[in-house]
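Put chain B on the given structure of chain A with help from the hints.
Chains A and B are the protein sequences, given in the same order. In case it helps, the working numbering puts the first sequence at residues 93 to 365. In case it helps, the working numbering puts the second sequence at residues 200 to 403.
Calculated from the structure, these hints are not laboratory results. Every residue gets a Cβ at the ideal spot worked out from N, C-alpha and C, and that includes glycine. Warning: the hint list may mix true and false statements.
[What the hints assert, rightly or not] Partial list, computed: chain B residues near chain A (C-beta under 10 Å):
no. : residue
1   : R224
2   : L228
3   : L306
4   : K313
5   : D319
6   : V324
7   : A340
[Unchecked claim] Calculated cross-link-like contacts (lysine-lysine; reagent style DSSO-like; alpha-carbon spacing at most 27 Å):
no. : chain 1 : residue 1 : chain 2 : residue 2
8   : B       : K352      : B       : K336
9   : A       : K132      : A       : K339
10  : A       : K339      : B       : K297
11  : B       : K358      : A       : K314
12  : B       : K303      : B       : K313
13  : A       : K132      : A       : K122
14  : B       : K211      : A       : K339
15  : B       : K336      : B       : K323
16  : B       : K285      : B       : K297
17  : B       : K313      : B       : K323
18  : B       : K336      : B       : K358
19  : B       : K358      : A       : K339
20  : B       : K285      : B       : K265
21  : B       : K352      : B       : K364
22  : B       : K282      : B       : K297
23  : A       : K339      : A       : K161
24  : A       : K339      : A       : K314
25  : A       : K161      : A       : K122
26  : B       : K313      : A       : K314
27  : A       : K339      : B       : K343
28  : A       : K314      : B       : K302
29  : B       : K343      : B       : K364
30  : B       : K385      : B       : K364
31  : B       : K323      : A       : K234
32  : B       : K309      : B       : K297
33  : A       : K314      : B       : K231
34  : B       : K285      : B       : K302
35  : B       : K313      : B       : K297
36  : B       : K313      : B       : K302
37  : B       : K352      : A       : K339
38  : A       : K314      : B       : K323
39  : B       : K211      : B       : K265
40  : B       : K265      : B       : K231
So the chains spell out like this:
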Amino acid sequence: MVTFQAHDGPVYSMVSTDRHLLSAGDGEVKAWLWAEILKKGCKELWRRQPPYRTSLEVPEINALLLVPKENSLILAGGDCQLHTMDLETGTFTRALWGHTDYIHCLALRERSPEVLSGGEDGAVRLWDLRTAKEVQTIEVYKHEECSRPHNGRWIGCLATDSDWMVCGGGPALTLWHLRSSTPTTIFPMRAPQKHVTFYQDLILSAGQGRCVNQWQLSGELKAQVPGSSPGLLSLSLNQQPAAPECKVLTAAGNSCRVDVFTNLGYRAFSLSF
Amino acid sequence: MAAVTDDEVIRKRLLIDGNGAGDDRRINLLVKSFIKWCNSGSQEEGYSQYQRMLSTLSQCEFSMRKTLLVYDMNLREMENYEKIYKEIECSIAGAHEKIAECKKQILQAKRIRKNRQEYDALAKVIQRHPDRHETLKELEALGKELEHLSHIKESVEDKLELRRKQFHVLLSTIHELQQTLENGEKLSEVEEAQETSMETDPKP
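Isolated chain A (complex conformation) (with noise of 0.2 Å):
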């Protein structure tokens, strides 16, 4: 097990790349090889800041994405915009204004280059990569059947599938369907939930509660998975055609204990630090 100082505050999402590991914390994005981190070695590849408005703020960057088709990515933050990057040259080549308070989270729809983002100021936001403009806005808070004022409008997780979308926190986990913007399948869940994701059939979700959710896109819970944790906050899933033995979903919250899930039924084993 490899540990190191990898910035000086706190370090808020991590996203991975076949050769490297990019992290992100307060205003600055940094990049590190698997091999020289295997060989426990721990220089930074490189790190850059982006453009912020003024040069007094650093706001912290909540959420990495990813885009693989144009080798890019996109950090958004306590700006409340989102910034591409581009991988091999390093410069940051969009700003997408839009939000209102700070963004929570990213997903990538797969099938058109757009965004989603999710914040503070409860509206999910779609942006067209190609034409760097929003397309779309759905203000969650606003619709009755999933807004819970009393936990806020804050949307703190996000996950799509191309057509459809998932998104809780304040507001109930909800199933909307993008195209039409309406919300379809409420889960019952009370507690605000921090992380969502499509799995196959099921959508997973994992949040205040000790357990690993397991939904039917039908609204049904399939099963409850308790974790070690008292409290999760994010969830991985190893997908990797490459490998399939290594299909593993591992949680981590609270405590100090990463739980490691091979069958989604029930866990494995956890590690600790």
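Chain B in isolation, oriented as in the chain A frame:
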């Protein structure tokens, strides 16, 4: 070379020792009794010894035949086991393939289920909206009402215009009449004034 063959002989003897303890002794006894028989004198004893030797010989042959049969049986059992082993391997491979097939089918079925659930979700939303025929009919009815009302409005406006024009004509004629009346009065006043001044003038 003698040492090598000796080793092999010892090894073979040790190997078959358990099986052939009786046989080995029997062969040694046979050899010794043969030598004794060759050296013996009397006829009867010789004959009985001869019979005994023949019986031991047949016993030896019997046990040899038994071991040969057992050896054959072992060979055939080995073949049988080989065959069964190969069959089991084939069926294992077949089962692996079936498992892979079934996994693919599961994925396909999951995709189908997902599609169905998406369809259901959309259908639920659509059902909440009213039927298209009804709304079309309502739209038609409303359109007709709108037309009817606009016709009425047009006719009312026409009537209003006509009335306005008639009133205008009436009012303008009244004004004219008033004007002519006023003009007439003024003229008659001026004439009266002129008459009185003409009357007063010719007197002096």
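Checked hints:
1. Because the beta carbon of R224 (chain B) sits about 63 Å from the nearest beta carbon in chain A, more than 10 Å, this interface hint is broken.
2. Using the Cβ-Cβ criterion of 10 Å, the hint placing L228 (chain B) at the interface with chain A is not satisfied: the shortest such distance is roughly 69 Å.
3. With 10 Å as the threshold, the beta carbon of L306 (chain B) comes within range of chain A, its nearest partner Cβ sitting at about 7 Å, so the hint holds.
4. A least Cβ separation of about 4 Å between K313 (chain B) and chain A falls short of the 10 Å threshold, and the interface hint therefore holds.
5. The criterion of a C-beta within 10 Å of any C-beta in chain A is met by D319 (chain B), whose closest approach is roughly 6 Å, and the hint holds.
6. The interface hint given for V324 (chain B) is met, as the beta carbon of that residue sits about 5 Å from the closest beta carbon of chain A, less than 10 Å.
7. Residue-level restraint check for A340 (chain B) is violated (minimum Cβ-Cβ distance to chain A is 27 Å; threshold 10 Å).
8. Between the alpha carbons of K352 (chain B) and K336 (chain B) the distance comes to roughly 24 Å, so the proposed pair stays at or under 27 Å and holds.
9. This hinted pair checks out: K132 (chain A) and K339 (chain A) have alpha carbons roughly 25 Å apart, not beyond 27 Å.
10. In summary, the hint linking K339 (chain A) to K297 (chain B) is supported, as the alpha carbons are separated by about 21 Å, within the 27 Å threshold.
11. For the suggested pair K358 (chain B) and K314 (chain A), the alpha carbons sit about 73 Å apart, so the restraint of at most 27 Å is broken.
12. Our distance criterion of 27 Å between C-alpha atoms is met by K303 (chain B) and K313 (chain B), whose separation comes to about 15 Å.
13. Taking the CA atoms of K132 (chain A) and K122 (chain A), the gap is near 17 Å; set against the 27 Å cutoff, the hint holds.
14. A distance of roughly 57 Å separates the Cα atoms of K211 (chain B) and K339 (chain A); the hinted pair therefore is violated under the 27 Å criterion.
15. Our distance criterion of 27 Å between C-alpha atoms is met by K336 (chain B) and K323 (chain B), whose separation comes to about 23 Å.
16. With a CA separation close to 18 Å, the supplied pair K285 (chain B) and K297 (chain B) stays within the 27 Å bound.
17. Annotation: proposed proximity of K313 (chain B) to K323 (chain B) holds, straight-line Cα distance about 15 Å (limit 27 Å).
18. A threshold of 27 Å between alpha carbons decides the hint, and for K336 (chain B) with K358 (chain B) the separation of about 33 Å lies outside it, so the pair is violated.
19. Restraint check for K358 (chain B) and K339 (chain A): the C-alpha separation of about 84 Å exceeds 27 Å, so the hint is violated.
20. A distance of roughly 30 Å separates the Cα atoms of K285 (chain B) and K265 (chain B); the hinted pair therefore is violated under the 27 Å criterion.
21. With a CA separation close to 18 Å, the supplied pair K352 (chain B) and K364 (chain B) stays within the 27 Å bound.
22. A C-alpha spacing of about 23 Å is found between K282 (chain B) and K297 (chain B), which places the hinted pair at or below 27 Å, so the restraint holds.
23. Note on K339 (chain A) and K161 (chain A): the hinted pairing holds, with a Cα-Cα distance of about 24 Å set against a maximum of 27 Å.
24. Our distance criterion of 27 Å between C-alpha atoms is met by K339 (chain A) and K314 (chain A), whose separation comes to about 20 Å.
25. Annotation: proposed proximity of K161 (chain A) to K122 (chain A) holds, straight-line Cα distance about 21 Å (limit 27 Å).
26. Proposed proximity of K313 (chain B) and K314 (chain A) is supported: the alpha carbons are some 14 Å apart, at most 27 Å.
27. Among the hinted pairs, K339 (chain A) with K343 (chain B) is inconsistent with the structure: their alpha-carbon atoms are about 64 Å apart, more than 27 Å.
28. At roughly 20 Å between alpha-carbon atoms, K314 (chain A) and K302 (chain B) fall within 27 Å of each other, so this suggested pair holds.
29. In summary, the hint linking K343 (chain B) to K364 (chain B) is not supported, as the alpha carbons are separated by about 32 Å, beyond the 27 Å threshold.
30. About 31 Å separates the Cα atoms of K385 (chain B) and K364 (chain B), which puts this hinted pair outside 27 Å; it is violated.
31. Taking the CA atoms of K323 (chain B) and K234 (chain A), the gap is near 20 Å; set against the 27 Å cutoff, the hint holds.
32. At roughly 18 Å between alpha-carbon atoms, K309 (chain B) and K297 (chain B) fall within 27 Å of each other, so this suggested pair holds.
33. Restraint check for K314 (chain A) and K231 (chain B): not satisfied, since their Cα atoms lie roughly 89 Å apart, outside the 27 Å limit.
34. Pair hint K285 (chain B) plus K302 (chain B) holds up; C-alpha atoms about 26 Å apart against a cutoff of 27 Å.
35. Of the pairs offered as hints, the one joining K313 (chain B) and K297 (chain B) holds, with about 24 Å between alpha carbons and a cut-off of 27 Å not exceeded.
36. Restraint check for K313 (chain B) and K302 (chain B): satisfied, since their Cα atoms lie roughly 16 Å apart, inside the 27 Å limit.
37. The suggested pairing of K352 (chain B) with K339 (chain A) is violated, with an alpha-carbon distance near 74 Å, which exceeds 27 Å.
38. As the CA atoms of K314 (chain A) and K323 (chain B) are separated by approximately 20 Å, the hinted pair is consistent with the 27 Å bound.
39. Under the criterion of a C-alpha separation no larger than 27 Å, the hint pairing K211 (chain B) with K265 (chain B) is consistent with the structure, at around 19 Å.
40. About 24 Å separates the Cα atoms of K265 (chain B) and K231 (chain B), which keeps this hinted pair within 27 Å; it holds.
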